[in-house]
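Q: Keeping their order, the protein sequence lines are chains A and B. Our numbering applies: residue 1 is where the first sequence begins, and numbers increase by one. Our numbering applies: residue 1 is where the second sequence begins, and numbers increase by one.
One or more of the hints may lead you astray.
Dumping the calculated SDA-like pairs for lysine to any residue here, alpha-carbon to alpha-carbon at most 20 Å [what the hints assert, rightly or not]:
| hint | chain 1 | residue 1 | chain 2 | residue 2 |
| --- | --- | --- | --- | --- |
| 1 | A | 652 | A | 720 |
| 2 | B | 135 | A | 563 |
| 3 | B | 268 | A | 20 |
| 4 | B | 268 | A | 32 |
| 5 | B | 268 | B | 309 |
| 6 | A | 802 | A | 720 |
| 7 | A | 784 | A | 823 |
| 8 | A | 629 | B | 83 |
| 9 | A | 814 | A | 720 |
| 10 | B | 268 | A | 652 |
| 11 | B | 268 | A | 413 |
| 12 | A | 608 | B | 143 |
| 13 | B | 295 | A | 32 |
| 14 | B | 268 | A | 497 |
| 15 | A | 9 | A | 160 |
| 16 | A | 652 | B | 4 |
| 17 | B | 232 | A | 745 |
Some chain B residues close to chain A (C-beta under 10 Å, calculated; not the full set) [what the hints assert, rightly or not]:
| hint | residue |
| --- | --- |
| 18 | 42 |
| 19 | 43 |
| 20 | 45 |
| 21 | 130 |
| 22 | 329 |
Since the hints were derived computationally from the structure, they do not count as laboratory data. Quick caveat, the model's predicted, so the values are computed rather than measured. Built from N, CA and C at the ideal position, the CB exists for glycine as well.
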Amino acid sequence: MRVSYEWLKELVDIPEDPQELVEEFTRTGTEVEGIERVGADLDHVVVGQVLSKEPHPNSDHMWLCKVGVGSQNVDADGNPEPLQIVCGAQNFEQDDKIVVAMIGAVLPGDFKIKKSKLRGVESCGMNCSERELGLGGDHQGIMILPPDAPVGMPFAEYRGLSDTVLDCEMTPNRPDCLSMTGVATEVSAIYDVDTHIELPAVQEEHGVGPQGEDDVHSMVDVRIDDPALCSRYTARVVRNVKIGPSPEWLAKRVTAAGARPINNVVDVTNYVMFLTGQPLHAFDLGKLEERDGKRHIVVRLAHEGEQLTTLDEQDRELTADMLVISDGDERAVALAGVMGGLNSDIDEGTVDVLLESACFESGNISRTSRSLGLMSEASIRFERQVDAGSCDMVSNVAAALFEECCGAEVVRGMVDVYPGKAEAKAIDLRCDRVRSICGAPIEDDFMAQRLRRLGCDVTAGEPGVLRVVAPTNRPDLTREIDLVEEIVRLWGEGDVEPTLPAARNHAGGLTVEQQRIRMIGKALRACGLCETTTYCFADPRDLARMGMAREVKGTAVKIIRPLVSEQSEMRRDLLPGLLRAVAYNKDHGVNNVHLYEIGRLLFGRANKSLPDEETFVAGVLSGAWDDDKWNRKQPQLDFFDGKGVVEELLDKLRIQKVRYRIPEAEKTAWLQPGLAAEVVVRGSVLGWVGNIHPRTLELYGIHDPVIGFELNVGTLLRLAQDRLPYQDVPTLPGVEMDLAIVVDESMTYEQLVQRITSAGGKLLRDVRLFDVYRDPVRVGEGKKSMAFSLTYRADDHTLTSKEVDKAHNRLLTKVLKSTGGEVRS
Amino acid sequence: MESLEQLRVQVLGKKGSLTSIMRMMGKIPPEERPAMGKMANTVRANVDEALKQRKLELTKEELNARMEAEASDVTLPGRRLSLGTQHLISQIREEIEDIFCSLGYIVADGPYVETTYYNFTALNAPENHPSRSAKDSFYIVDNAPEGKPPLQLGDSDVLLRTQTSGMQVHYMEENKPPIYMICPGTVFRPDTPDANHLPQFTQVEGLVVDEGITFGDLKGTLDYFCREIFGKDRATRYRPHFFPFTEPSCEVDVSCGVCHGEGCRFCKNVGWLEILGCGMVDPNVFEYVGIDPEKYTGFAFGIGVERVAALRYDLPDLRMLMEGDMRFLRQF
Numbered sequence: 001m002r003v004s005y006e007w008l009k010e011l012v013d014i015p016e017d018p019q020e021l022v023e024e025f026t027r028t029g030t031e032v033e034g035i036e037r038v039g040a041d042l043d044h045v046v047v048g049q050v051l052s053k054e055p056h057p058n059s060d061h062m063w064l065c066k067v068g069v070g071s072q073n074v075d076a077d078g079n080p081e082p083l084q085i086v087c088g089a090q091n092f093e094q095d096d097k098i099v100v101a102m103i104g105a106v107l108p109g110d111f112k113i114k115k116s117k118l119r120g121v122e123s124c125g126m127n128c129s130e131r132e133l134g135l136g137g138d139h140q141g142i143m144i145l146p147p148d149a150p151v152g153m154p155f156a157e158y159r160g161l162s163d164t165v166l167d168c169e170m171t172p173n174r175p176d177c178l179s180m181t182g183v184a185t186e187v188s189a190i191y192d193v194d195t196h197i198e199l200p201a202v203q204e205e206h207g208v209g210p211q212g213e214d215d216v217h218s219m220v221d222v223r224i225d226d227p228a229l230c231s232r233y234t235a236r237v238v239r240n241v242k243i244g245p246s247p248e249w250l251a252k253r254v255t256a257a258g259a260r261p262i263n264n265v266v267d268v269t270n271y272v273m274f275l276t277g278q279p280l281h282a283f284d285l286g287k288l289e290e291r292d293g294k295r296h297i298v299v300r301l302a303h304e305g306e307q308l309t310t311l312d313e314q315d316r317e318l319t320a321d322m323l324v325i326s327d328g329d330e331r332a333v334a335l336a337g338v339m340g341g342l343n344s345d346i347d348e349g350t351v352d353v354l355l356e357s358a359c360f361e362s363g364n365i366s367r368t369s370r371s372l373g374l375m376s377e378a379s380i381r382f383e384r385q386v387d388a389g390s391c392d393m394v395s396n397v398a399a400a401l402f403e404e405c406c407g408a409e410v411v412r413g414m415v416d417v418y419p420g421k422a423e424a425k426a427i428d429l430r431c432d433r434v435r436s437i438c439g440a441p442i443e444d445d446f447m448a449q450r451l452r453r454l455g456c457d458v459t460a461g462e463p464g465v466l467r468v469v470a471p472t473n474r475p476d477l478t479r480e481i482d483l484v485e486e487i488v489r490l491w492g493e494g495d496v497e498p499t500l501p502a503a504r505n506h507a508g509g510l511t512v513e514q515q516r517i518r519m520i521g522k523a524l525r526a527c528g529l530c531e532t533t534t535y536c537f538a539d540p541r542d543l544a545r546m547g548m549a550r551e552v553k554g555t556a557v558k559i560i561r562p563l564v565s566e567q568s569e570m571r572r573d574l575l576p577g578l579l580r581a582v583a584y585n586k587d588h589g590v591n592n593v594h595l596y597e598i599g600r601l602l603f604g605r606a607n608k609s610l611p612d613e614e615t616f617v618a619g620v621l622s623g624a625w626d627d628d629k630w631n632r633k634q635p636q637l638d639f640f641d642g643k644g645v646v647e648e649l650l651d652k653l654r655i656q657k658v659r660y661r662i663p664e665a666e667k668t669a670w671l672q673p674g675l676a677a678e679v680v681v682r683g684s685v686l687g688w689v690g691n692i693h694p695r696t697l698e699l700y701g702i703h704d705p706v707i708g709f710e711l712n713v714g715t716l717l718r719l720a721q722d723r724l725p726y727q728d729v730p731t732l733p734g735v736e737m738d739l740a741i742v743v744d745e746s747m748t749y750e751q752l753v754q755r756i757t758s759a760g761g762k763l764l765r766d767v768r769l770f771d772v773y774r775d776p777v778r779v780g781e782g783k784k785s786m787a788f789s790l791t792y793r794a795d796d797h798t799l800t801s802k803e804v805d806k807a808h809n810r811l812l813t814k815v816l817k818s819t820g821g822e823v824r825s
Numbered sequence: 001m002e003s004l005e006q007l008r009v010q011v012l013g014k015k016g017s018l019t020s021i022m023r024m025m026g027k028i029p030p031e032e033r034p035a036m037g038k039m040a041n042t043v044r045a046n047v048d049e050a051l052k053q054r055k056l057e058l059t060k061e062e063l064n065a066r067m068e069a070e071a072s073d074v075t076l077p078g079r080r081l082s083l084g085t086q087h088l089i090s091q092i093r094e095e096i097e098d099i100f101c102s103l104g105y106i107v108a109d110g111p112y113v114e115t116t117y118y119n120f121t122a123l124n125a126p127e128n129h130p131s132r133s134a135k136d137s138f139y140i141v142d143n144a145p146e147g148k149p150p151l152q153l154g155d156s157d158v159l160l161r162t163q164t165s166g167m168q169v170h171y172m173e174e175n176k177p178p179i180y181m182i183c184p185g186t187v188f189r190p191d192t193p194d195a196n197h198l199p200q201f202t203q204v205e206g207l208v209v210d211e212g213i214t215f216g217d218l219k220g221t222l223d224y225f226c227r228e229i230f231g232k233d234r235a236t237r238y239r240p241h242f243f244p245f246t247e248p249s250c251e252v253d254v255s256c257g258v259c260h261g262e263g264c265r266f267c268k269n270v271g272w273l274e275i276l277g278c279g280m281v282d283p284n285v286f287e288y289v290g291i292d293p294e295k296y297t298g299f300a301f302g303i304g305v306e307r308v309a310a311l312r313y314d315l316p317d318l319r320m321l322m323e324g325d326m327r328f329l330r331q332f
């Protein structure tokens with residue numbers, strides 16, 4: 001809403017400095033998005049007088065003029081002389097008062113006036129047409145001002161074009177503020193001052209019929225088919241309008257409000273809308289179908305596919321939920337509340353006007369406007385709800401202006417169909433309640449006074465209670481709490497003393513699960529991984545690229561209108577997003593990538609509106625932990641770095657009995673066979689760790705190995721433990737014995753350790769692998785040597801070498817037997 | 001050191017010169033023995049002492065030499081085990097969680113996919129509210145659309161939550177007052193990513209419902225929060241605003257940390273930075289969840305975590321938060 005400061009000043013007393021009002025608006029909830037100084041583009045444009053006019057020596061159609069600009073007279077050398085201006089216009093004479101753009105002026109369209117030479121003659125300014133000044137369409141000649149125009153006066157000041165326009169963003173609950181009277185009322189409540197809103201009244205009403213015995217009802221009737229969509233429709237008729245340009249004051253107001261002056265009839269309807277917030281529509285009565293000597297206005301829903309050409313000359317195809325005005329039952333003449341039809345518009349030949357002042361249902365107008373992509377000053381106001389209670393009053397204001405500005409005769413009476421009339425309801429406002437909700441000592445008198453300023457009818461109810469009837473243009477004031485808001489915002493939210501709630505009988509803090517989720521992040525960061533966030537959206541091709549089985553991942557949660565097709569569903573796996581992040585880093589020259597994400601996956605379910613939502617943690621490693629340094633070479637990361645991270649994480653969560661199982665290759669197609677493991681704890685599959693399959697990496701544009709893991713956070717939380725039982729720290733020394741054993745390639749570390757452990761007896765306390773060695777000659781083809789350091793210890797005495805030898809030899813025999821291996825010599 | 005040991009053996013060893021002299025004691029006349037013995041012992045003690053002294057000196061020299069050899073350029077970089085870093089948004093989210101936990105709040109979690117009832121209706125948003133339109137929300141395909149009333153706006157009855165406010169309703173349905181709750185989480189809106197917008201971002205919803213909660217309590221709580229998160233020297237400003245689910249509603253600004261309210265490039269000459277929306281819980285919302293609005297009052301607020309991050313670090317482009325660039329992540 002554009003609020004003209006000059007206009008507002010006429011309606012209510014406001015400070016001289018607009019900035020002061022802006023601050024008060026901000027304090028009380030009217031957001032001012034911009035302050036525009038109107039007339040700034042008319043700096044250096046003044047009233048001038050043609051002192052002489054001679055033909056241009058080198059042109060047969062241009063004139064050489066001396067133009068007096070009073071105290072501003074200055075010639076090309078800066079001496080105080082009338083301006084020499086070359087002018088091509090033909091419509092002026094010596095002594096005419098004209099508009100002069102002097103050097104330094106910047107006219108609309110960023111047209112800079114500079115000293116120039118036209119056909120060899122110096123010109124120090126320009127005589128302006130209306131269009132050059134941005135005032136209208138007339139480009140036939142330069143503007144000629146009345147003889148009394150004071151020479152030298154800035155033109156903006158002369159025309160009263162200096163103004164400040166506040167661009168206000170009104171919140172959706174305040175339709176009243178989409179009008180100058182509404183804003184003036186708001187200002188009166190802010191400053192606790194009176195408004196001076198004076199609305200014009202019709203001077204004389206004319207009867208119709210041979211003896212003038214009839215009123216408008218003999219000319220027009222109105223039928224509303226669906227009262228839910230149109231709570232009121234009023235029609236008035238004015239006759240013999242003289243279509244022409246608007247008087248200057250009217251054009252000025254309409255321009256300030258952001259509309260373009262068109263003609264006096266249209267400008268009156270726009271002006272009254274900006275003034276009161278009630279959109280009006282003027283039909284050319286002569287263009288409406290006449291039947292039985294009358295015009296029949298019907299407010300009805302459009303027929304599916306009905307065509308209407310709106311005033312903007314666009315052909316619109318309507319749907320059956322859009323409200324139209326038709327003249328009779330057939331032809332639509334306006335899209336109700338949005339825009340008129342071209343078939344009934346006001347033009348230069350218009351004589352009689354039917355004026356609509358109506359109230360349409362906000363939701364319907366909003367939908368129509370959205371589905372057609374057609375917004376108008378009218379639809380913006382109807383969307384927010386206009387005041388049905390004042391349709392008649394507004395219609396009268398417009399009729400009075402038609403009389404004044406268009407020379408119209410106002411036909412007596414008004415057709416007023418008002419099916420939606422509602423009784424005003426009183427709201428009981430408990431003053432103590434206001435204070436207790438706000439926590440502020442607001443006095444009863446303040447409440448009553450400011451509500452009155454807002455247009456409420458306030459009377460005393462029970463002791464401590466005010467009976468408040470809100471004005472009809474405030475649909476947002478229906479409950480006590482609505483009034484509380486008005487009071488506290490005017491009283492000053494900034495002045496309410498800040499306090500902290502007692503929070504009695506309530507304890508806060510994180511749950512165990514929330515603390516454990518934080519622990520997951522901490523453990524991964526301690527391992528050197530950086531947390532990232534990727535989009536929860538997914539590319540529908542992601543799972544296929546991974547070769548992930550769709551059936552285990554549920555159905556996709558599909559976005560009906562995605563921004564881009566690559567983000568048209570919700571992710572069912574974290575890996576694709578992380579691989580995109582790896583590719584991003586590699587593409588930007590960052591080779592060492594260690595990322596993790598804790599994120600949610602969405603799995604759609606058949607015949608269920610809501611999907612399953614589960615949280616997972618995933619990580620990717622590529623390159624090395626760091627660049628090579630002066631004192632340390634950094635090996636490239638491999639599978640066991642990834643597995644180490646997973647082991648460390650599970651250890652921090654005190655999850656025990658973890659097994660790493662070789663997965664079925666077809667179920668883990670995104671992993672490189674032989675470098676992939678399922679993480680299993682007591683039968684539950686927690687997730688996987690492994691090298692990402694080179695083929696998958698290729699699809700994401702990655703050319704280096706990437707090790708990844710992904711674990712189900714829900715399962716992690718379920719298996720995690722806060723603490724494990726304490727174990728005695730050994731006080732007696734242990735004895736370490738080495739064992740290097742050659743076994744078949746097919747024997748896993750896990751199998752071998754299991755055999756060693758079960759063969760070790762109770763003295764064996766620790767088994768640590770320290771070397772794996774392969775050599776076709778020394779170890780043999782298809783064989784490997786695994787070297788372990790074994791620790792033997794007893795809790796009650798220091799072992800003798802005899803005891804250790806006995807235990808170790810027994811272990812050796814058993815292990816060799818059970819594995820078919822041999823001791824490496 | 002070795003030659004010193006050789007010398008000791010030569011003199012004091014079993015076959016050492018002094019030892020052999022001592023052995024010859026028996027051949028010395030008995031009357032001379034005491035004097036001789038005494039002399040021999042003195043010599044022995046002196047030699048021994050001299051050897052010890054020398055040994056100490058040599059040890060010291062040796063240590064000094066070793067340390068000198070080990071001396072290094074201490075300005076060379078250290079050998080680091082680099083810790084990973086936490087994402088900026090999750091750092092700030094945890095910080096916010098900790099601030100409110102210290103005020104006695106619990107942290108709740110809610111679903112990303114909501115029905116229009118929780119995202120709009122029970123939050124008092126009218127059926128035709130523009131925020132429901134498909135332009136402002138990501139609707140998703142409803143796998144069970146049967147038997148639902150026709151929609152006035154939007155594409156289906158199910159959507160990616162556009163705000164965490166729906167958790168107010170869920171939480172009040174499942175818990176009785178007193179309620180002191182925050183709900184951090186990801187929300188979604190169809191904004192094409194650019195320097196200032198992301199289609200996916202993070203909000204922290206807050207809700208308090210208790211007896212005697214006032215607008216002053218709302219202010220006190222959010223003043224505390226703003227000072228904890230932005231610094232003790234920051235001022236706040238409450239501008240009345242409109243939200244369907246709170247009344248009175250306001251937007252909260254914090255004074256610009258660069259110019260402290262004077263106006264500068266960072267705050268676009270306003271002196272204030274908008275950081276959150278809040279208000280007293282609208283009685284209509286209480287009615288949806290069956291809480292007596294005469295007995296209980298409450299307040300709610302919504303904080304944009306990316307907004308806090310952008311203000312704190314003057315981030316030039318929010319998209320950096322989603323790229324996973326190690327050079328960006330490592331900074332925080």
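Q: Each hint should be assessed against the structure and marked as holding or not.
A: Hints versus structure:
1. 652(A) x 720(A): Holds - the C-alpha atoms of residue 720(A) and residue 652(A) are around 9 Å apart, at most 20 Å.
2. 135(B) x 563(A): Cα-Cα ~10 Å, so holds.
3. 268(B) x 20(A): holds (19 Å)
4. 268(B) x 32(A): Since the Cα atoms of residue 268(B) and residue 32(A) sit roughly 14 Å apart, the hinted pair holds (cutoff 20 Å).
5. 268(B) x 309(B): Holds, because 18 Å separates the two Cα atoms, which is no more than 20 Å.
6. 802(A) x 720(A): Status violated; Cα separation ~43 Å.
7. 784(A) x 823(A): Roughly 11 Å separates the two Cα atoms, so the pair holds.
8. 629(A) x 83(B): holds (17 Å)
9. 814(A) x 720(A): Roughly 36 Å separates the two Cα atoms, so the pair is violated.
10. 268(B) x 652(A): violated (48 Å)
11. 268(B) x 413(A): violated (55 Å)
12. 608(A) x 143(B): Status holds; Cα separation ~5 Å.
13. 295(B) x 32(A): violated (37 Å)
14. 268(B) x 497(A): Cα-Cα ~29 Å, so violated.
15. 9(A) x 160(A): holds (13 Å)
16. 652(A) x 4(B): violated (56 Å)
17. 232(B) x 745(A): violated (66 Å)
18. 42: violated (47 Å)
19. 43: violated (46 Å)
20. 45: violated (41 Å)
21. 130: holds (7 Å)
22. 329: holds (4 Å)
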